[in-house]
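J.: Chain by chain, the residues run as shown.
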Amino acid sequence: MSQHLIVLPIVLPLLAGVILLRSRLGGTRLKRRLGVGATLLLVLVSALLLARAADGEIAYYALGDWQPPFGIVLVLDRLSALLVLLTSVLALGCVIFACGGDDEQGSNFHGLFQLQLMGINGAFLTGDLFNLFVFFEVLLLASYALLLHGGGKSRTQAAVHYVVLNLAGSALFLIAVGTLYGATGTLNMADMAVRLGELPAERTGLVTAGALLLLVVFGLKSAILPLYFWLPRAYSAAPAPVAALFAIMTKVGVYAILRVYSLVFGEQAGDLAALQQPWVWWLSLATLAVATLGVLAARDLRLLVAYLVLVSVGTLLAGVGMGSVEATASLLYYLVHTTLITGGLFLLAEMIGLQRGKAGTRIVKGRPLTQGGALALLFLGGAIAVAGLPPLSGAIGKALLLDAATHAQQPWLWPLLLASGLSAMIALSRAGSTLFWRSQQGERDGEPLPRQHWIGVSLLLAASPLLVALAGPISDYTHATAEQLANPDAVVRTLLSDAGDAS
Amino acid sequence: MESLYAITTGVLSACGLYLMLRGRTFPVVVGLTLLSYAVNLFLFSMGGLTTHGAAIIDGDRHYADPLPQALVLTAIVIGFAMTAFAVILAMRARGDMGNDHVDGRTREDREEGRR
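Keeping their order, the protein sequence lines are chains A and B.
So for the first sequence, the numbering used here puts the first residue at 1; every next one is plus one.
So for the second sequence, the numbering used here puts the first residue at 1; every next one is plus one.
Worth double-checking, as some hints may not be accurate.
Which bits of chain A does chain B cover? Going by a derived footprint, with three or more residues having C-beta under 8 Å, they are [as the list claims (entries may be wrong)]:
1. 134-147
2. 164-170
3. 367-373
Cβ-to-Cβ under 7 Å is the rule here; a few derived chain A residues that face chain B [as the list claims (entries may be wrong)]:
4. R22
5. L25
6. T156
7. Q157
8. V160
9. I175
10. F229
Listed next, with one range per pair, are the computed distances between beta-carbon atoms [claimed, not checked]:
11. L466/A <-> I57/B: 50 to 56 Å
12. I57/B <-> T208/A: 27 to 33 Å
13. I57/B <-> A471/A: 34 to 40 Å
14. V87/B <-> D445/A: 42 to 48 Å
15. G205/A <-> I57/B: 27 to 33 Å
16. V43/A <-> I88/B: 46 to 52 Å
17. L466/A <-> R92/B: 37 to 43 Å
18. N99/B <-> R203/A: 46 to 52 Å
Derived from the structure by calculation, the hints contain no laboratory data.
Here the structure is a predicted model, which means the values were calculated and not measured.
Just so you know, even glycine gets a beta-carbon here, dropped at the ideal spot from N, CA and C.
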């Protein structure tokens with residue numbers, strides 16, 4: 001049984017999703033129970049996987065028992081285990097929140113939600129480049145439908161841009177994968193890493209083209225500077241639990257960059273090693289600068305949070321661009337923090353909007369909130385965490401990243417990162433004072449919020465103090481993860497030399 | 001054969017790219033379809049073009065690389081579903097927005113907004 005554990009984060013949501021999509025399946029209560037139950041089980045499974053990966057063992061699961069490099073493999077190492085656990089915790093918060101009524105605004109919310117989880121988990125676990133494409137498509141298809149959940153003009157319009165851009169991105173992905181296959185003759189990432197070491201010189205250009213094309217695709221998913229224009233609109237138009245789950249989608253892009261370029265284009269690739277570095281570094285800094293302006297300019301709370309997601313993407317990719325073990329370790333800590341907190345803030349923005357009637361999430365004076373005290377407290381906590389003020393986790397994540405920068409990188413990274421924190425602080429305090437203090441005229445007639453909303457939001461925002469309390473063990477883990485990533489030989493050896501099933 | 005194949009792929013992707021950059025949803029969807037055809041052809045050629053070869057490796061005899069064929073099959077299936085979805089989405093956008101511009105508004109709307 002235990003060797004099949006690796007495939008469970010994919011099979012479990014698939015089964016749950018298929019069952020939930022049956023139209024004749026019972027009422028709302030049953031669907032909600034099934035959805036939450038499946039997600040809870042997923043948290044459990046991924047916690048077990050994390051415990052297994054924590055000792056540094058790299059395990060793989062050969063689907064259909066076709067051994068690598070010929071068959072498709074799922075690879076479990078520290079990085080993939082961490083991200084699968086992060087996804088399932090975020091999903092738990094979102095699905096509980098959705099049970100407060102958002103799931104009934106359209107059809108099939110829970111089924112699509114599970115299928116999206118399947119795509120995300122698959123993308124994190126796979127060790128095969130084409131399989132990565134397939135899981136990207138699975139998660140994208142589910143996300144298209146989820147983005148449209150509930151309908152409405154702004155959603156349809158955001159979805160048109162989002163779908164067309166991602167379809168174009170998929171075409172580029174296929175071209176890149178095809179080029180890399182043509183040049184190396186394999187799709188298994190570990191095998192590709194070995195073949196790149198013995199690449200004939202005349203094929204270097206072909207591989208460079210393929211690799212940089214892949215960077216464009218991953219850049220589109222993670223919303224790096226020239227490719228981010230779809231993000232603010234799509235994220236602010238999406239239903240709240242979906243927008244919160246989308247917080248992990250940009251991280252799928254960051255993960256793909258981290259995984260592909262550390263494994264395939266590692267040191268053994270010779271001249272091709274780390275060919276993405278300058279691109280990622282400079283573009284991420286530019287993303288950070290533009291996102292900082294976006295945060296200051298946003299006139300809607302949801303748009304503000306969407307730009308905060310963009311800030312986090314810039315910060316994370318700057319960590320990737322630094323390319324040292326320390327930088328990777330600190331960016332992973334920051335990744336856990338920022339995914340959960342921005343997810344929580346999307347949910348919180350929806351709750352605030354629900355109690356303000358017509359004014360919604362726009363940052364203007366409106367009616368006072370019925371449950372303003374509790375919402376304001378949560379908002380304060382989330383704002384402190386996301387802006388990176390002590391004592392919450394954002395401060396630790398940013399301090400680790402600032403510390404990891406080398407002398408040559410410091411003059412670029414420090415001002416930009418600190419300025420982004422400052423602007424987030426200004427924008428959030430301005431938003432908070434307008435929403436909670438200046439909105440005093442009128443009746444308090446908003447309905448009290450359902451219990452599920454409070455549970456979902458507190459679950460995600462509670463991650464921040466938890467990340468501070470457990471900062472030691474977590475940063476030890478991320479440091480070990482970064483070291484594992486810096487030594488792709490271990491993966492290659494595990495995958496390619498074993499005759500039998502290593503798991 | 002190689003040059004003919006390359007020209008076909010190139011012309012398809014050029015047409016696809018041009019149509020994708022148009023302002024209305026219908027040409028955009030057609031452009032995406034053409035681009036996905038071009039990608040499928042490209043992917044197919046990546047194992048090398050072989051004539052009269054079976055897709056089975058049987059000793060060192062003449063064979064065609066079977067992997068790109070499997071990849072193309074997957075890509076076709078996914079592309080098909082995506083195209084269907086994009087068409088429905090475009091129709092819904094036409095209904096919701098009242099016009100078929102990708103930005104949800106026509107040139108007249110924009111000029112009115114500027115005034």
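J.: Each hint should be assessed against the structure and marked as holding or not.
T.: Quick rundown of the hints versus the structure:
A stretch counts as covered by a chain when three or more of its residues have a beta carbon under 8 Å from one of that chain; for the stretch 134-147 of chain A and chain B the count is 4, and the coverage holds. By the rule of at least three residues with a Cβ nearer than 8 Å to a Cβ of chain B, the coverage given for the stretch 164-170 of chain A holds, with 4 such residues. Note: the stretch 367-373 of chain A has 0 residues with beta-carbon separation from chain B under 8 Å; the three-residue rule is not met and the coverage is violated. Among the interface hints, the one on R22/A is violated; its C-beta lies about 20 Å from the nearest C-beta in chain B, farther than the 7 Å criterion.
Interface hint status for L25/A: violated, as the beta-carbon distance to the closest one in chain B is roughly 23 Å, over 7 Å. Interface restraint check: T156/A against chain B, minimum CB-CB distance 5 Å, threshold 7 Å, status holds. Taking 7 Å as the C-beta contact cut-off toward chain B, the hint placing Q157/A at the interface holds, the least distance being around 5 Å. For V160/A, the interface hint holds, since its Cβ comes within 7 Å of a Cβ in chain B; the closest pair sits about 5 Å apart.
The beta carbon of I175/A comes within 6 Å of a beta carbon in chain B, closer than 7 Å, and the hint placing it at the interface holds. Interface restraint check: F229/A against chain B, minimum CB-CB distance 12 Å, threshold 7 Å, status violated. The hinted range of 50 to 56 Å is satisfied by L466/A and I57/B, whose Cβ atoms lie roughly 54 Å apart. In this structure, I57/B and T208/A meet the distance hint of 27 to 33 Å, their C-beta atoms being roughly 30 Å apart.
The hinted range of 34 to 40 Å is not satisfied by I57/B and A471/A, whose Cβ atoms lie roughly 54 Å apart. In this structure, V87/B and D445/A meet the distance hint of 42 to 48 Å, their C-beta atoms being roughly 43 Å apart. The given range of 27 to 33 Å is respected by G205/A and I57/B, whose C-beta atoms sit roughly 29 Å from each other. Taking the beta carbon of each, V43/A and I88/B are about 34 Å apart, not inside 46 to 52 Å as hinted.
Checking the proposed 37 to 43 Å range against L466/A and R92/B shows it holds: the Cβ atoms sit about 42 Å from each other. About 49 Å separates the C-beta atoms of N99/B and R203/A, a value consistent with the hinted range of 46 to 52 Å.
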